[in-house]
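Between the sequences and the hints, there should be enough to build the whole structure, so can you do that?
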Amino acid sequence: MKGNNAAIHLTIYNDVLSSQIQNQVIEFWLQHGVLNQRAARERVSDVLIIARNTENKIIGIFTYALKYIPLLRNYMYLIRLSISPGNSSAFLVLKMGKMAYEVLKEKAKTEQKKPLGLFALIQNNKMIRKWNWAIWPRLPFIYIGSTNSGHHRRVLYFK
Amino acid sequence: MSIDFSDIEFKEVWQDQKSMPSSIDFWDSIFEQSTFNTQKRSKQVVYHVFSGKEIIGLSTAEEVALHNFENNTFFNFRMLIHPNYRIPGLADTLAVKTLNFLEELHLNIETSAIGVITLIENKRILENKTTVFYPATNLMFAGYTNKGAQIRLKYFQGARI
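So the protein lines, in turn, are chains A and B. Each residue of the first sequence is one higher than the one before, counting from 1 in the numbering used here. Each residue of the second sequence is one higher than the one before, counting from 1 in the numbering used here.
If you are wondering where the hints come from, they were derived from the structure by calculation, not from laboratory data. Values in this document were obtained by computation on a predicted structure and should not be read as measured data. Virtual Cβ for every residue (Gly too), placed ideally from N, Cα, C. Do not rely on the hints blindly, as some may be mistaken.
Chain A side only, calculated, beta carbon under 7 Å to chain B, not exhaustive [unchecked claim]: (1) LEU71; (2) ARG73; (3) TRP133; (4) ALA134; (5) TYR157.
What follows is the structure in structure tokens.
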């Protein structure tokens, strides 16, 4: 799939997932060791975008949750992205990130607890090293420091 | 006191030893007893602001390595304008000039700093300036310290962590 970006299909989910898709999502997370069964069942309602390959297999999942971030003393959409090994490409990350930004920017207008933007915790060491711009160039998430565990905090505020 | 903005002049004094005593005099004229080492900070002054021959404000930048930012170096930016001269636009102009000067240092590889960071403690500013990016300077909201000061930062062009 890497290098065959045109073959990736992204779908936005604004409503509750069908039980069939829920099972596919949970299976994806379990298969790739992203989450355990319990956490996967809890997070499945947070799915916003699913990326699939030409065989209709899930290769990436983007989730969001409205969370109060103590450091910022504000609400943000905490976003998480999981991509299956071998499918991780800048194209896919950027495509899903940009799509999510546009959708969540509109959704934020309807929230009672107004989020300022997107908040991401980058845990993947390879990504931390490779994507080390203070402001990512094509999807301008801004680095606002690291956690004690060395994970990078990044924000993308709504305009 | 009525002051015309056109009478205000900005003079860059970065690492200019001759200007250091006048910076200390300025602080002494405002604070009965300063809470910082004026001698040390006089070496960090970037701009003097003049009204006629009188210094009415200044900006400083201190290089600091931040543990929470992978030990990257930032300029800790501060500025002070004499209470009698707080005219609209003066603080923003001083801040923009200072940030531009510091960015030039970065672009000319004269500093290892990757950006500017500043702590906002003034309640009036905290209440009145609430945008995530300050319009004039583009200083971005980056959270709060444990002591409750607001963190604002701006990265220089091409900065990497």
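Taking the hints in turn, this is what the structure says about them:
{"no.": "1", "hint": "LEU71", "result": "holds (4 Å)"}
{"no.": "2", "hint": "ARG73", "result": "holds (6 Å)"}
{"no.": "3", "hint": "TRP133", "result": "holds (6 Å)"}
{"no.": "4", "hint": "ALA134", "result": "holds (4 Å)"}
{"no.": "5", "hint": "TYR157", "result": "holds (5 Å)"}
Hint check: no violations occur; every hint is consistent with the structure.
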